[in-house]
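I would like the entire structure built from these sequences, with the hints used as guidance.
Spelled out, the chains give:
There are 2 protein chains.
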Amino acid sequence: MTPRKKLLTIESMNPRVRAAKVPIVGSLFTRAGEIQREIQEGIHKSFTKITPCFFGDMQLMGHKPCTYLRQVAALCTHPELLESALFPEDAKTRARAILKTLDNGSVGSYNPKYIAQTLPQKIATYIQKRDNGIPSHPRNIIVCSGTSQSILSVLWLVVSDAEELRTGILLSVPYYPLYMDTVALSGAVMVPYYLDEEHGWAINVDGIRKSLPAARRRCNPKVICVINPGNPTGHVLSRKNITELIQLAAEEKLLILADEVYQDNVFGDGATFHSFKKVLYEMGPEYSERVQLVSLNSISKGITGECGARTGYIEFVNIDPEVFEALYILKSFSVPSVIGALMLDVILDPPQPGDPSYETFMMEKKTLLYNLAEKARITKEILNQAPGIYCNPIQGALYAFPRVQIPDRAVRLAQERGQKPDDFYCHLLLEDTGIVLCTGNSFGQAVGTYHFRITLLHPIDELRSILQKITQFHTRFMTEYS
Amino acid sequence: MTPRKKLLTIESMNPRVRAAKVPIVGSLFTRAGEIQREIQEGIHKSFTKITPCFFGDMQLMGHKPCTYLRQVAALCTHPELLESALFPEDAKTRARAILKTLDNGSVGSYNPKYIAQTLPQKIATYIQKRDNGIPSHPRNIIVCSGTSQSILSVLWLVVSDAEELRTGILLSVPYYPLYMDTVALSGAVMVPYYLDEEHGWAINVDGIRKSLPAARRRCNPKVICVINPGNPTGHVLSRKNITELIQLAAEEKLLILADEVYQDNVFGDGATFHSFKKVLYEMGPEYSERVQLVSLNSISKGITGECGARTGYIEFVNIDPEVFEALYILKSFSVPSVIGALMLDVILDPPQPGDPSYETFMMEKKTLLYNLAEKARITKEILNQAPGIYCNPIQGALYAFPRVQIPDRAVRLAQERGQKPDDFYCHLLLEDTGIVLCTGNSFGQAVGTYHFRITLLHPIDELRSILQKITQFHTRFMTEYS
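Residue numbers (this note's numbering), protein chains in the order written: chain A, 1275 to 1756; chain B, 1275 to 1756.
Accuracy of the hints is not assured; some may be wrong.
Identical chains blur together in the list; that is why a pair holds if it fits in one copy or across any two.
[Stated by the list, open to error] Only pairs whose alpha carbons sit at most 35 Å apart, straight line, appear in this in silico DSBU-like list of lysine-lysine:
hint	residue 1	residue 2
1	K1387	K1654
2	K1552	K1280
3	K1605	K1387
4	K1403	K1279
5	K1694	K1605
6	K1694	K1639
7	K1639	K1387
8	K1527	K1323
9	K1639	K1743
10	K1514	K1387
11	K1396	K1338
12	K1403	K1374
13	K1366	K1323
14	K1484	K1387
15	K1366	K1387
16	K1639	K1605
17	K1279	K1323
18	K1387	K1694
19	K1605	K1280
20	K1319	K1484
21	K1338	K1279
22	K1403	K1280
23	K1279	K1396
24	K1743	K1694
25	K1639	K1323
26	K1484	K1514
27	K1366	K1654
28	K1280	K1387
Bear in mind the hints are in silico, worked out from the structure with no lab data behind them.
On a predicted model such as this, the values are computed, not experimentally measured, just so you know.
See the structure below:
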């Protein structure tokens, strides 16, 4: 080291942070930006604009915010508006009730009691209703600043440097990429398990059971992460599959981290959301008093899509009170804004029949879910018409993750160029149509299979046109490379 | 381990999280709660209510939020209000301009560009103006969800498990307690340095220099944390003292973590806030191109006091671009809400002379600072009238940290009861007056000295009465135990 070398450099920095470093922008997005500039400079293309299909951000994609929610939030932000005739009476009543529970009636106070007691009580009531009366206790609930932070807090709680073997975290493949980074950042190692595409992305529980002895030789597996409804897969787990997974967790002493942020985005024919908590309790005390479960939810998804509010909550099941107390320190690093917290409050207990805002609220909610169902239906239908694309039924969440066949010649060509085959495919699609997808390899996929993720958030006619362009491209691609 | 033992228990949890576990509620606050209940039950006391004097929460303590700020936030939350005549034109213009920079015009979108580019550009302009033109670059600025999270991110970046010696973090004594927890959580060890109460809580830089060789035998000191203006001490560092500290950091290769969240709460006679960044640049390239500095600011303090918004920012100086890029992963765990971010946006560029909201804005700002100055003055004056209390001039922040003499007999009595002498003192004060202070030992203090922290946030007449009760109590206490 030279004497002028700085203290903090890329070499000296925390190796865990370095390990978690992922490229923010992949080559596909860089190229999309270049094309956008080329179009602006007048360079001729066979399309007139870049069409990004990778955002999970509902409001960015045109979803209108919930009117009642925003009215109450505006009233609480600037209470002088309570005197105005611009707001329906129920929104004003609700805002007054919330302001009454806030410290000195202000969203500008820290409001520790509102965030740590009042709101968890309301969440517990909501969860208990959701789960047909299975008890939920405010003392097991933490309101937090979004799901990313929650996942990190939970992993951090479980990871131990004091043990000889590193902590193992079981992650589904395909996974949501954030999980990879979080595992690295927490100092744990990833233990992959594969979702079964042939069976609607179900969890192959026996497969996990068989793989654990090998995993135990290199790490100490402690947590199994499950995303239900699935991102990027759009599947909804069956009650039976959840039961099997809970049995596995009990046998193998794994904590279940259930990412249930899409629980209100379920729309597939016959698909029902079963919370892990409910299934666990219905399995009887042998399981319900023993299996440790952490469930996540968020207002970034669901019927609100308030990504900008950075607010969610965690319910802990079978966690000892001492552990929960120790969580205090982690909690204090992931406090949501008070406005985010009150948005969660509002949506847990929306307008009821007879309230002035009820009709509008229900219309907004039904429109969202009806449109998602319709778009899920046409996405599967159109994609499956193309020979060499296979798309499972999309039952929930906001995405589809179809498998595409890539002919051997294209695979070899991609390899010669140093590209992954699905990157090669998505790059060609981009050059041909301006459509930007997420490539399957960013989420992980079974060896020799190729996928992309597409969001269902475009307006229906636009989505139909995008899907048709993809299938037309795919047909040309298959002809050219077969 | 029995086979039914759970995976996650207080014994198995991450030892760092366990180490950071501090009692949320000390015995003083527990007792205050009991007294509150006793009063409600009709038990006679010499006072009628509990008077908490420990909150640093401006709006909780009655500070009125900035009208213009809340107007713009309400307009952005519910843009239909832009049509109403209830808002001044400049607030509407500002809200329209912000909405135009938001993704799809919504605070409900993630808005990564707004948070990572647009707002840092505005912050850089603001800092550059604050520091008389010394350059500030948006690429070195991160908007984040509050200062607690920022401190953790910075320490986490610097800490390394891969080294033989643990990372050392220099913390001032008295410190703000959150720092202790954060150091424990990050896996580092604390290296205390004492502020010089006899010289207005200045940093004794020579003292630090002399103590470093011993510290280096037990850890690898990498960061020195400085809070300026000081919490709990209310001092403002002189330009000379900052210069000396920067020289030390350069010699000893320490990264300076400057917690400057009270930079807009400076009101003492002749006191001026000098940012570490400005002093560093004025020291010439030998320092300005070499010393690594991280500066924190927040809208929880200053003239806004929007604690509930959980929004602040970090400026990095002399951090390599590769390190900054790696910060991406830490950033993604501390994203503020979009409404918090736009509140910061508004306050960086407030109404100007001639704007409809200018007069109100300035009146609100001046009232706040005038009142703080007046309260700082009477706090020092009244406390110093009591023999055995010594209070330094209060120049900034929101607190005073006076030293109290505790007679030997009281110290012995406290020890017999297993109490710290300042806890003993504060408990007696509570029983006698209902006043709840923070005891000095929660912040750390030089051996054999005793202090308490009192906030300046009560209305002036109430504060005067509180101070008088404290000095009267102190006089009785001295008589009784001398």
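Against which earlier hints does the structure fall short, listed by number upward? 6, 8, 10, 14, 17, 20, 21 and 27
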